[in-house]
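Mapping of the sequence shown onto the numbering used here: residues -4 to 129, in sequence order.
Hint data in this document are derived by calculation from the structure and do not stem from the laboratory.
In silico SDA-like cross-links for lysine to any residue, where the CA-CA straight-line distance does not exceed 25 Å:
#, residue 1, residue 2
1, K124, V58
2, K124, R49
3, K124, A100
Label pairs and their computed distance ranges (CB to CB):
#, residue 1, residue 2, range
4, R68, C105, 23 to 29 Å
5, E43, E95, 20 to 26 Å
6, I72, G121, 28 to 34 Å
7, T57, A106, 16 to 22 Å
8, E84, Q104, 18 to 24 Å
9, T76, Q111, 16 to 22 Å
10, I72, G120, 28 to 34 Å
11, G70, P119, 32 to 38 Å
12, V107, A59, 16 to 22 Å
Note that beta-carbon positions come from the ideal geometry of N, C-alpha and C, so glycine has one too.
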Amino acid sequence: MPPWADPPMPPPRALCLLGALAAAGILVVVALRNRASRDGQLAVGTCEVVALDRDGSDVARTVARQTARCACRRGRIAGTTRARPACVEARVIRGRQWCEMRPCALGEQCAVLANQAGWTCTQPGGRTKTTTVS
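With the hints as extra help, turn the sequences into a complete structure.
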């Protein structure tokens, strides 16, 4: 074959093999990244609920206590976003500007308690959930 001619195209079987190898490589990378989660370590930027205790003995209200564990990046700390544990900016927690972390579910209105010890999430029907930080 002359040097200026195009090289021959690889056979379709070789392309399939190359694609399969690439896919296998991606799966290995994903498995290695998720291995930390299986070993009891959280992936950076994620949170998990480790304890949840509900007391519904009072008809008018339910008291719930939740403990979460987070692996946050530098400058972020465990907080709440959209009614779930999340890593939020540390300045929000230090400044007790709770509503800046968007702790309420979609459609709810957030208000910081007068003593800044927590926040309330009010649903359109008037039902209110109060969260205090300890």
